[in-house]
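Student: The residues making up each chain are set out below.
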Amino acid sequence: MVSAFQDPVILNQWHPISSLEEINPSEKTFQTLLLDEEILYKMDKENKVLVWRKGSRDENLPTKLAYGFVWVCLGNPPETLFLFPEFDEPNRKNKATGVIGVNTSAGRAIENFCDMGHFPYVHKGILGEEPHTEVKNYDVEISDEPDEVLATNCKFFQPRANVTSTKGVDADYIYRVPHINCALLYKSSIVAGKLDVIVLFVQPMREEQIRAHTAMCIFDDSSTEKDIRLFQQLIFGQDKPILENQHPKRLPLNPRMETPIRADKTAISYRRWLLNKGLKYGTVAN
Amino acid sequence: MTNVRENNLRKIICMEKNKIYALRKKWFPIASSSDLVKRHVFQAQLLGREFAVWRADDGNVNVWENRCLHRGVRLSIGINQGSELKCQYHGWRYANRTAGCTYIPAHPADAPARTICNNTYPVKEFIGMIWSGEDAIENDFSYKELSKRTVLRPVPINAPNDLVQKNLLNYYSELNFDGLLLNDGSIEINLGGKKKILFFIQPQDSKLSVVRGVLNATLSDEKRYHFLKEQNFIIERFREKMEQISENLNLEPMVAEIEEISNDLGEPPTKEDCGRKAELRLHVSERILTSRDVVSLKLKGIEGQLPTFHPGAHIDLHLQNGLIRQYSLVNGPGETDHYRIGVKLEKDGRGGSQYIHNNVKVGDLLATSAPRNNFPLRRDSLYTIFIAGGIGITPLLSMSKALHSMELDYEFHYFVQSEKDISFKETLKILGERVIIHKGLSQENTINKVRKILQKPGYYKNLYVCGPGPMLEATLKIASDLKWADDTIHFEYFKNDRKINNDSNFEIELARSALTLTVSAGKTILEILRENGVDLPSSCEQGACGTCKVNVIRGDIDHQDVYLNATERANKNIMMTCVSRSLSDRLILDI
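Protein chains in written order, with the numbering used here: chain E, 4 to 289; chain S, 1079 to 1669.
Bound conformation, chain S alone (with noise of 0.2 Å):
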């Protein structure tokens, strides 16, 4: 007797989470557009499941469920921030649209290179409603716009869905007004004339719906006034009716399941320790966007001075999505209670520049490296010349600064596609007549004016050039066509654009150390040394800005770098070890 009961009830409940999961792929309005102020997060419910439903000040509409993937706190208390949503807890970003985690302020200088995203669910917005359903299907959203349209006050009730459904009709029939229902499940009330209103029932539980009409007319104030006035003592009487049925019916709340997250993220990520290092901890005090695609970021250290940079220097940001990125300090002397850098924004580049444009923020809380300097600036030169391509202008500047201030002479040249282009104007202007803007040059006419420029090398006179790859390759190459000295002609390029081949198989041996390790293909020295417990300094790990270079006793060095100039390749005694290898089977390395 017990089993047949216990089967039935089985069965029943089986039935009642069929019903759901039928319903959860139909759209049902779950807000008034109008409950979408500006910054403010709405929280609604669908079949059980809890949305936080927040408008962008862009105009998007997000429906996320209401948890925060962190701790589980409702998002809904959280605080919508225009671009994104912030939760109450621990300050954990969330974009809008992708729901993606963007930034959790415990740990400024975690990296890893995972992709926190909380559940979205798929939106509309129609006839002055927020539309949702957890599985609703894109293509059977079937409900037109309506040209004129009033939205009536949602009216909660505290009874089924499908009884407030059948009675609703029969209610306003009884009122003499016809209706219909129609196929999609909503009840169309005819209200004579043209007028009709079209009836949504939103079912937010089992014991719990909100109807929702829209009016298809726009009305004066004082008929739209009377109308609301009418409608909602009419549902409010409708109210009561279902309320008094449903009183005594007993059921259990739809349970919305919480889906598991994949494994990666049940457990928090391990760290590193090996390899470059974020010892600083800066919060963002200061985000202009200086040019059409450059945001400069005032960074200040949250306690006690910041460590000494000198002209020429960069810093290592670890960003929140796993890249680690160098920047350039724009700093002039003196500038020492925080650092500034210029950051352009590549569409097409790995992603670094657009996290920090679409994602850094006033107020956060960025791990980046000491400042470094393997860029340094000569001050014993009788007269320096600066050739600043694009966003090559933010290590340059900080020099001509140091210069400017010290009374040296020097010119400096920047080669800028448009006026939209010029960045930092304010320190230029400090800098007045020794600056020289080039602005929208060919290809062509950029080279004959930088033959111009270096026309005369000469005795103490040097040369700093910062810039995109081919600008840069073209200078050297006038410059050394133009007899300057290498030793003259100091350069630092963005990235390193040469093919690296890393197929070579050879042994270093490490003179200090008296290891002898093995480097086979696919492996950079860098790493083979990490891996055995010595750690070397590094920075952009391409080659390009020298931090990790060792010097070498003996070998044939294989250079794929482009930091080190003609003569200190000829010299063969020093070498990059994130990108060169060897061309002999062993190298003697000075470590």
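Chain E extracted, bound-state conformation (with noise of 0.2 Å):
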């Protein structure tokens, strides 16, 4: 087990706590933990968001507001998150669609939200039917600017691809895990050349514990609110118990310790650019 402290990779981040909605009105102080530290948070009078450690009151966190989630960091704070254009863009509706917490690591939750194989087995009738199980060959790429591990030209037969679709299609899809513990998932929208973006912000509790926070940022106006949360809680439902049955919890960054073939292509670059990166925290290299 590694300390976060001895991991400036995973210390000098940026860390997704809580969406704006949850916290917004009241002035309740929250209460959660976030790389196995007890901290403390609430939005005052002023809208404005107060981040602490327990027992040190007076010492306000660095916190950043963005994309309807408070981030903090327990470290140095980077500069600049991630880019994410989509989320200003108009007609869109963002809508956080719910916290799941699941006992593993961030990684390995990362790695199985960029994963296609799973979804007959996991998502059966949702995601994916039998017998339309093959991952067709896609593109993956470790870029530089921005730093990112993308995944182009994905595409997966889907009986039921979102909360509108009653009959099956071959889906496309787009990955990007522009953080090491975010992941974006753009589709295609009912909106010609636009695509849906479907997201899952980890907050990591601990090297083994996660809260999962999702959103979407997407054109449908047909849906109610309460559907897309129901819709997107059965799918994470869903992974729950796998993830949970990981063994081991964190994620191996050392390629002998499980076989990957070419449909994880994803995770092969995702666990590599980790690696070069040097996280600790929540992973195996050895």
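Read the hints as simulated data drawn from the structure, not as lab findings.
Predicted, not measured: the structure shown is a model, and the values here were computed from it.
Among these hints, one or two may not hold up.
In the DSSO-like style, the derived pairs of lysine-lysine whose C-alpha atoms are separated by at most 30 Å in a straight line are [what the hints assert, rightly or not]:
id: 1; chain 1: S; residue 1: Lys-1439; chain 2: E; residue 2: Lys-127
id: 2; chain 1: S; residue 1: Lys-1439; chain 2: S; residue 2: Lys-1425
id: 3; chain 1: S; residue 1: Lys-1539; chain 2: E; residue 2: Lys-139
id: 4; chain 1: E; residue 1: Lys-67; chain 2: E; residue 2: Lys-127
id: 5; chain 1: S; residue 1: Lys-1202; chain 2: E; residue 2: Lys-158
id: 6; chain 1: S; residue 1: Lys-1244; chain 2: S; residue 2: Lys-1273
id: 7; chain 1: E; residue 1: Lys-243; chain 2: S; residue 2: Lys-1285
id: 8; chain 1: E; residue 1: Lys-67; chain 2: E; residue 2: Lys-190
id: 9; chain 1: S; residue 1: Lys-1378; chain 2: E; residue 2: Lys-127
id: 10; chain 1: E; residue 1: Lys-158; chain 2: S; residue 2: Lys-1244
id: 11; chain 1: S; residue 1: Lys-1116; chain 2: S; residue 2: Lys-1244
id: 12; chain 1: S; residue 1: Lys-1116; chain 2: E; residue 2: Lys-170
id: 13; chain 1: E; residue 1: Lys-139; chain 2: S; residue 2: Lys-1273
id: 14; chain 1: S; residue 1: Lys-1503; chain 2: S; residue 2: Lys-1573
id: 15; chain 1: E; residue 1: Lys-170; chain 2: E; residue 2: Lys-197
id: 16; chain 1: S; residue 1: Lys-1089; chain 2: E; residue 2: Lys-283
With the hints as a guide, bring both chains together as one complex.
Tutor: Shown next, in the form of structure tokens:
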């Protein structure tokens, strides 16, 4: 086990702790765990968000409000957060769709989010269905500017790809991993040429315990907020028992611990990217 | 001072590790036999290592490491399918006994020449319990089977193994039962009469043990009820005591190291872009044993219409063990929403049919080529004779169904060893009286029968033969002796049994591509073409199917295939690039 204080990669990072919707507009103080530390947060009357370590009420931690979420840093905060331009596009609905606690590492959760091969088994009848099990070839790159893992030209057969779909389609996807614990999924929307975005921001509470914050940035206006939430809860509820039964729970960065196939190209790149960054927290290297 | 402390700590850790290594060599019970209910997967643990324990339908008990090699998901949450264990996460399947991965649904066309195999551990089933040990030594197992026995309910105790073992004997003696600590670590408690309970303590983790007992007698229902209840009560009290003592013991959980996989498994296999293509994805919608050793598979497309086929066509199956095999379609006219093939189990074969028989299940996705026809049927014949030997029935059945529906004249001879070897009986029934089945004929009688059948060659009469090599050769010789013209005899070999000589060195000139290439000994024309970016279609790649045929403009061909007939050979203008070579220094090919 690694302490976050021994790992500058995890420490000097913005971490999501809550959607703004959850804390707005109450003055209630909330408590959560981030990198093994108990932290408290609230929104005051002037809509200012305050975050502090338990027992250090007077020392406010560096905070950032972005993409509908509160971000906190326990070390030296980086100047910028990754870009997510779609968030500010007009006509889009930005919605936090729920938080789910999972006993796993952030890396395992991100990897699962970017994995298509499990759709027919874990999300049977919704995101995939036998015998449409093939993961067709797609492209992956680790880019420098911006520093992220990008998977494009992904295709997978989906019997019901989103709340509004009623029949099967070969859905197109793009996956972006612009932050060690955050991933964005782009897929076709009801507006031609525009893509809906599904968001997963992971809050590492401990090395093997996370809160997965989900959100959507979409054009759909036919489904209710409740429908969208229920759909996301159903999907993440199906992933949770799988994630909690992985061993080790921390993400293996040593390529000789697990057997990848071509379908796992995104995961291979993601693990390599993390290894090059020198991330220790929530991973196993040897 | 700190150094001394650290050194001591290191010594203790080292001692603990050595202790664990020693214990790993021993056999321990890890489950009761009754835990392995049909189609269940039981999760067990020994010395910190988790096991997935499951009984296959054939009775074999598997003790495997409890993680799928792909993404580490516990196999104990997987599905016991009777002969295979299926992982919940991505549907990977692992075979009974070998734990080898037999199916990766994400890549039905992948043919990695590698074996992905899960870690398995030794297993024994004795006295109503399942025994294992990570490094247990086969000959060290000393427990004898009890002809009469009653297995106690196992009781887990949150206390270290040695503490439980040390105290169990004393505890029973306090209750006035004498007993013995045996050399192998088990504890024998004397209940009076000749009744004894034998106890074993399973070390699950550093602070978790399971007390497992067995009585050397079979009890009637009522007695059994009281006995189990009483012992349960006694051991529960013991448990409370042990847990009180060890409550404040602070022990690190045991570490079961994850063994590194081999280097080649750490990277996904590269895929060849050139060569035999698997353009279709079909799923197995039906699997029937149509005769003693022939399995009939019905294959359906997962989307859209299947490509059209003609009678005599075959498809290549790209199997997940890396083999590519050809199978003729059995379909008749109009049967266009699926393909049907028949696969005979070749026990001494190279593994293709064995793989299909053992691993391919209903629901599986298979990667196949589109149908190809190098054994076409003439439908302008006034009379057609089919001679099928064994599994050679498959292309001929498709042909005869076509003629049947067109009400053309034919007779269908089917040579089999016995009644049990007759495949596709339902279809044969439809063809009715035109089918003549010859059962169990000796080699000599088969030849006599064939001679009789072929007695009268004639005007617009055609012969189609498919069967094992010797039978095919004999039939072709008889037909030729009886003056059947070469272009009325149509045949298809299953495989090329001839020994291929690839010692020659020569050049090939590609007339249309303006390329000259060198074919050296050990390489085939087909390989050299592909290495240079000229991608010819191919299928069997052993000179039997005719797919890689090319026209030859000039040069002396060294034919080594079994596809061409004598006339075609004599014409010297056509060759099979997968096996045939050149007798001259140079061949000019029409490509």
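Student: Take the hints in turn and mark each one as holding or not.
Tutor: Hint check:
As the CA atoms of Lys-1439 (chain S) and Lys-127 (chain E) are separated by approximately 19 Å, the hinted pair is consistent with the 30 Å bound. For a cut-off of 30 Å, the pair hint linking Lys-1439 (chain S) to Lys-1425 (chain S) stands: about 19 Å separates their Cα positions. Only pairs whose Cα atoms come within 30 Å are accepted, and Lys-1539 (chain S) paired with Lys-139 (chain E) is rejected, the gap being roughly 49 Å. About 38 Å separates the Cα atoms of Lys-67 (chain E) and Lys-127 (chain E), which puts this hinted pair outside 30 Å; it is violated.
Only pairs whose Cα atoms come within 30 Å are accepted, and Lys-1202 (chain S) paired with Lys-158 (chain E) is rejected, the gap being roughly 47 Å. A threshold of 30 Å between alpha carbons decides the hint, and for Lys-1244 (chain S) with Lys-1273 (chain S) the separation of about 22 Å falls inside it, so the pair holds. With a CA separation close to 28 Å, the supplied pair Lys-243 (chain E) and Lys-1285 (chain S) stays within the 30 Å bound. Between Lys-67 (chain E) and Lys-190 (chain E), the direct Cα distance comes to roughly 28 Å. Compliance with the 30 Å bound is thereby established for this hinted pair.
For the suggested pair Lys-1378 (chain S) and Lys-127 (chain E), the alpha carbons sit about 20 Å apart, so the restraint of at most 30 Å is met. Annotation: proposed proximity of Lys-158 (chain E) to Lys-1244 (chain S) is violated, straight-line Cα distance about 61 Å (limit 30 Å). For the suggested pair Lys-1116 (chain S) and Lys-1244 (chain S), the alpha carbons sit about 36 Å apart, so the restraint of at most 30 Å is broken. The suggested pairing of Lys-1116 (chain S) with Lys-170 (chain E) is violated, with an alpha-carbon distance near 37 Å, which exceeds 30 Å.
Taking the CA atoms of Lys-139 (chain E) and Lys-1273 (chain S), the gap is about 65 Å. The hint is violated against a cut of 30 Å. With a CA separation close to 25 Å, the supplied pair Lys-1503 (chain S) and Lys-1573 (chain S) stays within the 30 Å bound. Proximity of Lys-170 (chain E) to Lys-197 (chain E) is assessed by CA-CA distance (about 21 Å); at most 30 Å being required, the pair is judged to hold. Between Lys-1089 (chain S) and Lys-283 (chain E), the direct Cα distance comes to roughly 27 Å. Compliance with the 30 Å bound is thereby established for this hinted pair.
Of the numbered hints stated above, those contradicted by the structure are hints 3, 4, 5, 10, 11, 12 and 13, listed in ascending order.
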